[in-house]
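A.B. asks: Chain by chain, the residues run as shown.
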Amino acid sequence: MHRRPAALLALTAASALVLAGCSAAEPAETPSTPAAGGTLTYATGFGEPTCLDPHVGGNMPQALVGTNVLESLFSQNEEGEIVPWLATGATVSDDGLTVDVALRDDVTFTDGTPFDASAVVANVEHMKDPETASSTAILALGKVTEVTAVDPTTARFTLSEPDSALQESLAQTWLAMESPAGLARGMDENCAGPIGTGAFVFTEWVQQDHVTLTRNEDWNSAPEGAANDGPAYLDEIVWRFIPDPATRFAALQSGEVDVIDEMQPDNVVAVQEAAATGGDFDVLTGALPGASIRLELNSGYAPFDDERVRKAFIHSADVNPGIESLFFGTVDRSYSVLSSSTPFGASFESEYAIDSDLANKLLDEAGWTSRDAEGYRVKDGKRLTVDFPISTNQSIPAEVSLFEQIQATTKAVGFDVQLRPLDLSSWYGALAEWDFGVTSAIYTKNSPDVLRILYHSDNIQPAPSGYHPNHSHVDIPELDAALTEAGQTSDPAERAALYEEAQQILAEGAYVLPLYDHLTKIGYSTDVQGLSLLPTLQIPYFGDAWVQE
Amino acid sequence: MIGEDPGRSSSAAGSKGGFPPLRRAGRIGLRVLGGVFVLWAAATLTFFGLRLIPGDPAQAILGGPGSQASAEALAAVRAEYGLDQSIWAQYGLYLSRLLGGDLGSSYSLRTPVSEVIGAQIGGTLLLAVLALAVAWAIALGLAVWSTRGGRVAGVVGSGLEIVAAAVPHFWLATVLVLIFSTTLRWLPAVSTQGPEGLVLPVLTLALPLAGFLGQVMRESVLDALDAPFVLSALARGEGESGVRWRHVLRHGALPGIALSGWAFGWLISGAVVVETIFARPGLGRTLLNAVQLRDVPLVIGVVLVVALGYVIMTVLTDAVSRVADPRLAVRERELERVS
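Protein chains in written order, with this note's numbering: chain A, 24 to 572; chain B, 946 to 1284.
None of these hints come from the bench; they were simulated from the model. Owing to the predicted nature of the structure, the values given are computational and were not obtained by experimental measurement. All C-beta atoms in this analysis are idealised placements derived from N, C-alpha and C, irrespective of residue type, glycine included. Keep in mind that the hints are not guaranteed to be accurate.
As the list claims (entries may be wrong) - One side only, chain B facing chain A, incomplete, derived with CB under 8 Å:
(1) 996
(2) 998
(3) 1050
(4) 1119
(5) 1124
(6) 1126
(7) 1133
(8) 1135
(9) 1170
(10) 1173
(11) 1174
(12) 1222
(13) 1224
Excised from the complex, chain B in its bound form (with noise of 0.2 Å):
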């Protein structure tokens, strides 16, 4: 769906010859139905994929290292839980409670996942947007340096965009604690209340990120450094730095901010890796240990929100684009007018 043209989506699906409003209307709808088949593939795929991979959910939730579980006991859980049950009467059961705003509740921590996520998402969040934020600080920075400072800031961007996007978190967070918790004891190895706790697990995902970033924004601000409209913006007599930053800079931006949406995914993913090492509580984490105990109702709780809060994204990085680049709204009408 990223970098997809509304335009194009809207022309091909709308009713040919229609009234603008209800093009809109029949966008809109159709970006719902959309959102809502995202979740359901999202809910039927995690379903079925944990119980592809073996295991047992009833040994997991009495078991752990050091324990075993009698049959009396796995025979109670499993009525419990309704693990008894065949799988397509699990998944019915499941979804239909799923239609009626029900998430179910966790095996493992026997309280509603509604409540479990409720209590994770903050934390997530949090690390999600400072992350973004600061993976925009750096790649924008980036970008403007490498392409004003000549050949040899250029290769130095693009080196450190390459060296930084190819970096996995797991390496990063460990090299991070090594330098600044271990050796310098700036910053804490673990998460703590205050903001000192946030800056590691931060700066571990936002700098591969800055790497992706800043390697779309530099490609195309160098575009728009030789496009026609600089030109005359010059000629205009606006100076060097605002001509860089009011239009170069938007128009840079535009493949950054089309990026986000899938920025927003990534970062989740990262925050399994980071959440664990730094112990910071979040989705990341929950996500985690309900894999592993099979948990199916948390695993696909953290799943529906997360793919939730990907459909959010993308339509709001499509809102943004629109705003940062008004050609696009004007294609638009101009398709409308053709069709």
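The shape of chain A in the complex, shown without the other chains (with noise of 0.2 Å):
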């Protein structure tokens, strides 16, 4: 390994710096200057990817470590707005049927192949062949019916129907730019490392252990906003996969990593406060796009078919109080469907006030009168139970606890929540069954256009995949109207309309029940500067960060 001369410069002046410090007040924390080399380990708790081509399925595992090696046509700033990376724009026809994407011409995938519209349009066609079995970036794709090479700096996406999101979709790791040659090796061999334009190349997998992603000298696309335009200053990620959160953390405390992902509450707070008073470690937090935690209610069968019982657990379920202690004040109660980092996000509080006089004057009304022995509410002989599967892979312990909490307060007026933890399997196929009164899924999607798919009616369906992402089993006709009306405008301040609309008739309904915004947890030592999320999935991003030794 070799260093830069400033950089051993530095390293001596900061050696000095510590030497002469001891007795001295706490230096303040200067922004050092960048020095390129060194090896950084990431702990990821989120799992450890069977392909590493986030085409193929499409989950959070492949897009954080995809997200180094692979880069999207666009990514997202702070506020949610599109901006370029290896596309510099796009034009969108008067009908809203024809996009075409302007593209850089200046930029290589790290196995020599150019990057160019045609590259784009062997993309798409990888991800819409059902030999890739995709399912996150051909749902994105649905409206695009073809994409063709105008030019070799233009691709032009023909589409169905107006899509006022396909510019976030593209922004999203899962649909990210692979070298064509790379594709054409087949699926085994893409799936062990695919190529890329991005800052660092898949170099090496060793399975349940870790991968290892090597530095491109030649990398020059880095996306808008970002610090740094190329090379990265790191010569190594080393991604591991640690899957015990206890264990991660303390790798982190001892120094055997540097970066750990889905930390735990407490050792948020741990880390934040002992960062308050000059730390070694940090943390770094964001809100995941898409829809917030929430509990979905099945209005599709007995009880939650009832508005009323709906409306009766709702106002008996009181969260905030579990929120606060459970979660250390690391999150904030969310009103919303959407999460906070999501544009167009409509909350209203007042639907969901906690009132147990008016639960039981509407589970009364719903004919659910008398009380068993235990206290719950019974009719015709049948108990007021609510069947509620946990997917022990998606709610940490402290979500867990907090619906425990809700089970108890929902209790004192007659409900009996049954909690069922269940691994990932089998919770999809409690899932797919309908088997369900109440549950918790995430969907994570960079775009308010994820109301559509929660809670559109042509997501009811299970027939055949099994699999219905409307969970809640809203089936309201102005609902439909207003969200693929909203998914088609491309004037934000009728996205802005409709969307609310869309919120407010969810609220009102009583069919989802928000409880708070689904959080990235980042911890890191101090010695890694330069650290960012990424906004589009808030995924981190290693382009602009280097290591102080």
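Two chains, each in its own frame: build the complex with the hints.
C.D. replies: See below:
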């Protein structure tokens, strides 16, 4: 490993400072100049991808590691606005059915293949090919019928209907651009190491242990807003898989790793308190875009097919004390179905007020008039039972405790909430069979169009996939109309009005109980400088990062 | 199978009045048959067990937190892996492939199961063997010390063993990490390439096992100390420690040896927890991931390998018992003569 003389000098100066500063007051955090070199170790709790190509399937573990290697056509800034990345801009036709995407002409994939319009065509075809078994990308490209290369720097997207979320979709790592020559190697080889244009290259994958990413010396295509336009400072990133949150945090504390994700709320608070007095670690948090963490009430089946019962549940589920105590102030209560980082979110706080008198009255009206020996309400000899499957892969322990508090507070008015912790596959199974009264599901998408996916009646029908994003079983023509129209119009004011209308329908019908934002919680050693979250999916971005020795 | 008297099983199953070599062949044949049966039962129970728990493998293959599979993608995956056929057809297909020595291909990793296991088995075996060795060392030391040190040592030794045996792996692992990684910073919390990364995982597995082994060994060491042969050895003029190490310990180790076959299976199940907590690659973590993904071929593959290891360990402990305790072979010969 060779280091630049300047970095060496800085290192000597820094150690002299440490030696001299022993008795002096804490030296002020001086923004050090970026130094090239060094290895950064990242420990993820999101799990290990089974395929590194995010076109295949398409989940968070793939996006997290993939963002360092694969770049997208667009990116988003802090405000959620589309900014250029591999594309320089887009022109939408008047009817909204043709989108010409202008591309950079100076970017090359790390295997030497030039990035151009034909590469975009090859990528979209790969994502739409059933053989690829894409789930996220294929859904995001649902309205795209064809992509053609008009000239080397113009890719023309032809749509079946206008899609206001197209550029947001294209900003996701699941729709990132890969080398066409790399894709042509076939799925097995491409899964082991997709080839991109990014700051790093996949060089090694030791399963269950780590993936090694090595600097791309020719990288020149940082997203707009990045501090460094290439190459990256770090020589190497070692991407480790450490499933246990306590071990992950211990590894950060003992200096074995530099950055961790999926921190537990109590660790976040401990690090933040220590950081305030000059600790060695700090935390980076960001609200994941898409839907907030929320309870979905299954309105298709008893007992929540009765709006009065849904309202009674929502007016008796007292979640605020739980959020405050269990999450140590790391999250705020949300009254919006959309995450705070997603545009067009609307809050309807009064619809979620706690009112046990009202809840009791509503249950009486709904015919749940008598109570059994244990205090649960009964109608026609049947207890007012609400089945609540919990995915233990998705819900952290604090969240499960919060659900226990919901169970306790709704019991006061006579609900028998049955918590059912399940592993991921069993949980999917319960959802597919509509075998639940209420559940909590995550949906990350960097666009308010997530509302259409979650609450349009088209997404109720299970056949043949078995999966239905519309867990609440919401089927309201006015809601469908508002969501469809909002997905087609590109006028911001009109979109805002339509999305507000949609969220109002959901709040007034008591289909969803919003809880809080789904947070990315990154812990890092303060030796790591220049670390940020890429706003699109709140994924850690290492193109600007360096390690201060 | 553990602790069973090999002589008895051979006399019950062997042909009466046959020649001894034939009987030995029969005994070995029976062992092989039993082993095959164990493997078949393990594969079958796992196959149907995985179908009994709800969940769609196709959904899990494509899904994962934060992504939703489309209908087309699911249909493609079901067709690719034969998940659209009846469960009996899938079982038949699987079993026939298995007979041909083909463990199949992992749903989730898209690589042959044998390759996945080949890549992961080394780490787990190393962990299990080291843990077994360390557990033996601790248990022997404790047994000798506590039987020699009088009443107090006996109480302390037995107390330590009970506590160690009762401690769950996940708790022990967390406490060890807290002490040696977070506070003292002597050892890494997660696995490293070097030997220092092995210390905490091995200790986590070895300590509870040492508790079990120590308990049974101390019992029989105490029995042996009262046995007449100790007195006669002492009378022959052998020294106190010579008697203790050569005669008494050999006697005391017997139940420990018998227990080691069982301990192997127990260590593998412990490896699931230990490998997850210490982020070590290995069969245990492979198994956990595979179960969560309903990766049937991979789960059965790992279960078969573990079952095979268990069968081999049982045979080995039988053999070692014979070497350590010549009385077993003598008793067998006597039984053969009688029958």
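A.B. asks: Against chain A, is residue 1135 of chain B within 8 Å by beta-carbon distance?
C.D. replies: Since the shortest Cβ distance to chain A is 5 Å, the answer is holds.
A.B. asks: Can the hint on residue 1222 of chain B be confirmed by a CB-to-CB distance to chain A that is less than 8 Å?
C.D. replies: 5 Å, holds
A.B. asks: Restraint: residue 1173 of chain B near chain A, CB-CB cut 8 Å. Satisfied or not?
C.D. replies: 53 Å, violated
A.B. asks: Mind checking the CB of residue 1050 of chain B against every CB in chain A and telling me if the closest is under 8 Å?
C.D. replies: 11 Å, violated
A.B. asks: Can you verify the interface hint for residue 996 of chain B: is its Cβ closer than 8 Å to any Cβ in chain A?
C.D. replies: 11 Å, violated
A.B. asks: Classify the hint on residue 1133 of chain B as holds or violated, based on whether any CB of chain A lies nearer than 8 Å to its CB.
C.D. replies: 5 Å, holds
A.B. asks: Double-check residue 1119 of chain B for me: the hint is only fine if its C-beta lies closer than 8 Å to a C-beta in chain A.
C.D. replies: 6 Å, holds
A.B. asks: For the hint on residue 998 of chain B, does the least C-beta distance to chain A fall short of 8 Å?
C.D. replies: Interface hint status for residue 998 of chain B: holds (6 Å vs cutoff 8 Å).
A.B. asks: The hint names residue 1170 of chain B as touching chain A; please verify it with the least Cβ-Cβ distance against 8 Å.
C.D. replies: 44 Å, violated
A.B. asks: Could you check if residue 1174 of chain B really has its C-beta closer than 8 Å to a C-beta on chain A?
C.D. replies: 50 Å, violated
A.B. asks: Min Cβ distance, residue 1124 of chain B to chain A: is it shorter than 8 Å?
C.D. replies: 11 Å, violated
A.B. asks: Holds or violated: is the Cβ of residue 1224 of chain B closer than 8 Å to a Cβ in chain A?
C.D. replies: Status holds, d = 4 Å.
In this structure, the hints that do not hold are numbers 1, 3, 5, 9, 10, 11, in rising order.
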